[in-house]
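Take the given structure of chain H and dock chain S to it, following the hints.
If you read the sequences in order, they're chains H and S.
Numbering follows the working numbering, with no gaps: position 125 of the first sequence is 125.
Here the working numbering runs 1000 ahead of the position in the second sequence, where the first position is 1.
Hints in this document: simulated from the structure, not taken from any laboratory.
Keep in mind it's a predicted model, so treat the numbers as computed, not measured.
C-beta atoms are modelled at their ideal positions from N, C-alpha and C, and glycine is treated no differently.
Check the hints yourself; a few may be wrong.
When the alpha-carbon atoms are kept at most 30 angstroms apart in a straight line, the in silico BS3-like pairs for lysine-lysine are as follows [what the hints assert, rightly or not]:
#, chain 1, residue 1, chain 2, residue 2
1, H, Lys107, S, Lys1013
2, H, Lys214, H, Lys289
3, H, Lys214, H, Lys109
4, S, Lys1253, S, Lys1079
5, H, Lys214, S, Lys1013
6, S, Lys1189, H, Lys192
7, H, Lys245, S, Lys1079
Restraint ranges, calculated between C-beta atoms of paired labels, are given here [to be verified]:
#, chain 1, residue 1, chain 2, residue 2, range
8, S, Arg1082, H, Phe108, 43 to 49 angstroms
9, H, Asp194, S, Phe1095, 20 to 26 angstroms
10, S, Val1068, H, Ile95, 32 to 38 angstroms
11, S, Lys1253, H, Val274, 33 to 39 angstroms
12, S, Arg1119, H, Thr74, 47 to 53 angstroms
13, S, Glu1071, H, Arg155, 39 to 45 angstroms
14, H, Ile99, S, Val1295, 25 to 31 angstroms
If you want the ones that stay clear, here's a sample from chain H, every Cβ over 12 angstroms from chain S, calculated [stated by the list, open to error]:
#, residue
15, Arg13
16, Thr71
17, Ile130
18, Gly137
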Amino acid sequence: MSQVKRPISHRQREARSGWIFVSIWVIGFLLFSLVPLVQTFVFSLNAVTVTATGISMDFVQMANYSRALLTDPTFVELLIGYVIETAISVPIVLIFSMIIALLLNLKFKFKGFFRTIFFLPVVITSGPVIQELTAQGATKVAGLADSATIEVLLRELPNALRAPVQYLLSSFILILWFSGVQILIYLSSLQKIDRSVYEAAAIDGANAWESFWKITLPALQTTTLINAFYTIVTLSHFSENKVIKYVYSQTYAVQGGIGYASAMSFIYLLALVVILAVITLALSYSARKSR
Amino acid sequence: MDNVKTFYESRLKSFLFGNREDYGLIVKVMLYLLLIAIGFVYLYPLLFMFVTSMKSPQDLLNSMIQWVPSEFYVGNYTKAFRVLNYPINFLISAFVAIVPSLLQAGVASLVGWGLARYRFRGKNLIFVLLMATFIIPAQTTVIPQMLAYKSLGLLGNVFSLVIPALFGQGYRSAIFVLIFYQSFSTFPKALEEAARLDGASEKEIFLKIAVPSAVPAFIVSIIFSIVWYWNETYLTSIFLSGGVSTLPMQLSKFVQAYENLYPPGMVNIFDRLNEAVKLSGTFLNILPLLIMYFVLQKWFVESVERTGLTGE
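So that you can see chain S by itself, here it is in the shape it has in the complex:
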């Protein structure tokens, strides 16, 4: 009888407090509570934004309505869509994000391969300079570039953002060079030697052996680069000034753009600019990235492992 009792006691104990194989119920519950609580704090701004953006002007004034709007209202979105000039600015944003990213990844792969596979003097200096380009804020290099583009007539043109990327000096290029450097460093030397014995040129080795082996590095670099270029507003607002504008740029002059479309004195009180319209604009701004994130989430959250970025 006593044996049975202690058996159940120990079963209960390990069920609640865990044993060597399992954490036990209490630890698990606490873990999930903690993660859910932090997750909520994390997502709070997004939830707030989404809920507010669905509120009609009446709901906004009603202090009873906090989290559940009284009706399904998309009026804010139709306004924000017009104010952001969505279709055109979306295409510009996409171009500004995608084209430099592809070029940047290509150049970074060349440089990363060169640094990882060849011994030459001055390599350490290049690493130091790479770190320097990562640290130095854009403010210290952007004005002369802007003046140069101005004299070339490229200011306000998307190519002013494409050209630096073409030379590996795009936004955060140094990180991508390091990603490729890490990824190529683990590439087996024997494969390269065998190809060289078969008479392959350096170019062929790079294109036919190295590039196919680095597909994960390419994918990770390109998607991160797209996200960072999309969200970058300092360089874009300087280089594109007086020309086209991206979605984030349009968002930063939202009030002005709204009042051009809906002049404050001309529209009725419900069409005045309110926070719901602003947050709809914000949501429309991040929507393409959210979609991209949920489609490619595995690539984002496993990026560090897949490219071995932290190294050994």
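Looking at chain H on its own, in the form it has when it is part of the complex:
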């Protein structure tokens, strides 16, 4: 490179250095995210067959999409199940992690010990481990999920409600296990709330209950949104997720193939984005109302 010094402003030099630092990520994004994403989309519009030398594609327009949504009963059923399970799990995770964080924010002995327990699942939740634990019945609320009373109760429920309740009973502990990181995030936000606000409220005659609704909860609004995002994404990417398992099995299936699996992944991505958008809207709406 020639060493001719062009007059270059401080601002430009700064921008150039910045781009140099992020360039490796930008290259990576193009190579490992954008290009594969576009390719997957192209696959989803084709019937893809794997041959000895590579793959051959046959353009079929939206056939894969219409097959997934209109003729494949399994996929639609699993997708609806996924939306329902997410809608049940996310509030549970959020409320539970907030309660635990509020408890851990109190002053008492052995706090570190309890923190260690509540964070432990984060370290060990992998697909096969969860699958093994579920298969051996270790994740049920002991004695509750299969007691006779519950069974009678389940039979009385309408069909639409039965599946969610069953899901809740059989994997209650599992849902709680996804709360570890969220507890930490809530806890650190709680610690940032100024103590003097509570003292001022107490002097004005507010009790603990009122302070919680008027001070703590509004202060946790952004954190709740972050946690909701994190929870939804973690649950949706989890390798034991039924939709993901189905898409995976279809990738290698003779009937399905790469094209069909790609179309289903795009529908799944769309569902995930819609869920995230709904949650964002709902939480920011409730934030505006409470203000």
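Just chain S now, with coordinates in the frame of chain H:
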């Protein structure tokens, strides 16, 4: 006399119900009961797994034995150890977890520094794309990558997991970029300016000033990354298919692997596959992470505070 009585009464009252400095006995007892109860529910699957894994085949059949096995039995573990092909698969798991994690942390620190300290156009776009990489499920990007690795002959090779990490596109890379971004955002500008006046290059500022200041961010990123890579099975099972296998992958084909070693028709009834052996395998699977967790627990549970991840 009355004074004394009310004095003790109020002492008793504040002992039980608390006062401004203290919660009082009743609140405390309830708090501990609640925490212990939730803690038990939380740990129940692990306790169940551990106890069951110590049961001999006779204990499993004995319905009287629930929580205390009748003898100290490690036979399940020796079997699971063999079925998992533990030493070799442990090393592969460790490699697959550690190498991408180190690379990922290094790249994330570069990108986080670039985003936190320099003003340039397109920065907001990069943040949006970062969020996108966090949200987009692997399913929508993995097939073309797999085909590419296949044509390069890298399928089944651990490097197919290392290369994306090298470009900041590893598993959950976006979170680590944000950790470093947060950590570098609070770094005093004056230090950087002083170094620049002394003639330090951008590279030197990053390596000699920024990196040493971000040691907590590095530690947190690396340990979380190791845990997540260790537990990740979707990408590993696709990219390593037909090649080596990690411990979680081996666990997911446990039944098949067991029957290869102990063919069902050939062994006596007590050597058949039972839940105790399966749960021993599960326990062996998470054991390295448990050890790591208890050694480094402070770093895990204080990670959010130490890196300021939630921001202001």
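Evaluated hints:
| no. | hint | in the structure |
| --- | --- | --- |
| 1 | H:Lys107 x S:Lys1013 | holds (20 angstroms) |
| 2 | H:Lys214 x H:Lys289 | holds (13 angstroms) |
| 3 | H:Lys214 x H:Lys109 | holds (28 angstroms) |
| 4 | S:Lys1253 x S:Lys1079 | holds (15 angstroms) |
| 5 | H:Lys214 x S:Lys1013 | holds (29 angstroms) |
| 6 | S:Lys1189 x H:Lys192 | holds (24 angstroms) |
| 7 | H:Lys245 x S:Lys1079 | holds (29 angstroms) |
| 8 | S:Arg1082 x H:Phe108: 43 to 49 angstroms | holds (46 angstroms) |
| 9 | H:Asp194 x S:Phe1095: 20 to 26 angstroms | violated (47 angstroms) |
| 10 | S:Val1068 x H:Ile95: 32 to 38 angstroms | holds (36 angstroms) |
| 11 | S:Lys1253 x H:Val274: 33 to 39 angstroms | holds (35 angstroms) |
| 12 | S:Arg1119 x H:Thr74: 47 to 53 angstroms | holds (51 angstroms) |
| 13 | S:Glu1071 x H:Arg155: 39 to 45 angstroms | holds (42 angstroms) |
| 14 | H:Ile99 x S:Val1295: 25 to 31 angstroms | holds (29 angstroms) |
| 15 | Arg13 | violated (9 angstroms) |
| 16 | Thr71 | holds (21 angstroms) |
| 17 | Ile130 | violated (9 angstroms) |
| 18 | Gly137 | violated (8 angstroms) |
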